[in-house]
Amino acid sequence: MRWVVIGVAALLVGLLAYGVAQQDAQTTTTSALQPGETPPEAGAKLPALGAETEGAVADYRGKVVLVNFWASWCPPCTDELPMLERAQASLEREGATVLGITTRDNSEDALAFQDRYGLTFPSLRDGGGDIGEAWGVAQLPESFLLDRDGKVAAVVQGPVTQEFIDEQVIPLAKRS
Amino acid sequence: MRALAIILALLFAAPANAAETVPTLPDVEDEVMCVACGTALNISQAPSADGERAFIRRRIAEGLTKEEIKDRLVAEYGPRVLAEPRQTTAWLIPGALGALALFGVALTLRRWRGASATPAPAGPALADDDAQRLERDMAAYDR
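For the record, the sequence lines run as chains A and B. Under our numbering, the first residue of the first sequence carries the number 1, and numbering increases by one thereafter. Under our numbering, the first residue of the second sequence carries the number 1, and numbering increases by one thereafter.
Hints in this document: simulated from the structure, not taken from any laboratory. Given the structure is predicted, the values throughout are model-derived calculations rather than measurements.
Chain A side only, calculated, beta carbon under 10 Å to chain B, not exhaustive:
#, residue
1, Thr-103
2, Arg-104
3, Ser-107
4, Gly-127
All C-beta atoms in this analysis are idealised placements derived from N, C-alpha and C, irrespective of residue type, glycine included.
Taking the hints into account, I'd like the entire structure generated from these sequences.
Written as structure tokens, this is what we have:
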């Protein structure tokens, strides 16, 4: 009898601990990905924004990629994305690219945003935010610089600056 | 009789039909989540919630039913946008845990009741003199 009561109590405590752990995982403010690591779910196929095709981060292996998580409802993204669009031309010359991932956003709003700011770099859709969560994205915008092997070279929480492009992205693209 | 049947049918069918074909924003937003903030959409003040509400309003304007709108929301935001999971199996674990907890509480209560219903152990037997005196005293109290 006593063991039944203890078992029930242990189950309830376990359930409570699981709930608390899940909550913590969603509210962390520290990026889970560190330089040198390979991002999880890189091979996951995501719908392309504004196209009927699909793509994955892993499709860009062999290139230096600046993966930028953004959303149309994110105010700092409105400042950052036009700068990334300007940087895209110089990055393409070096064989690198910006890859947008629009997260927790609907495709209509994201497309309208893309058109309004004339964004030409490719963007994938992560509507439910699963990929962003797997990568530890806690707030937008957040960017991950991936080297040619697909490993994280740098993480930027908040808007990417032109200095970051000039001092980290382009030199990495020129190397090797 | 036939007219009465028609009136009754209209009374019961019309509201259900209206709710199915012409949903309002509150009808939908109290059944979905703000995916960026993790709260129910109807209480969220986040900018991302405004985007979801605008999406729902556009679908209402297109004449979609509530279920069709929820389908579109799932297509855009994934299954976590729904406040209640659609898969009935998702309720199995919480249901089983709830039943187990109730079982545990019921067992504990039964045990407590059983313990309190047990009569107190009798004390040592009284000597004859003491027993007679007790009887006399008790009889005096009854008078």
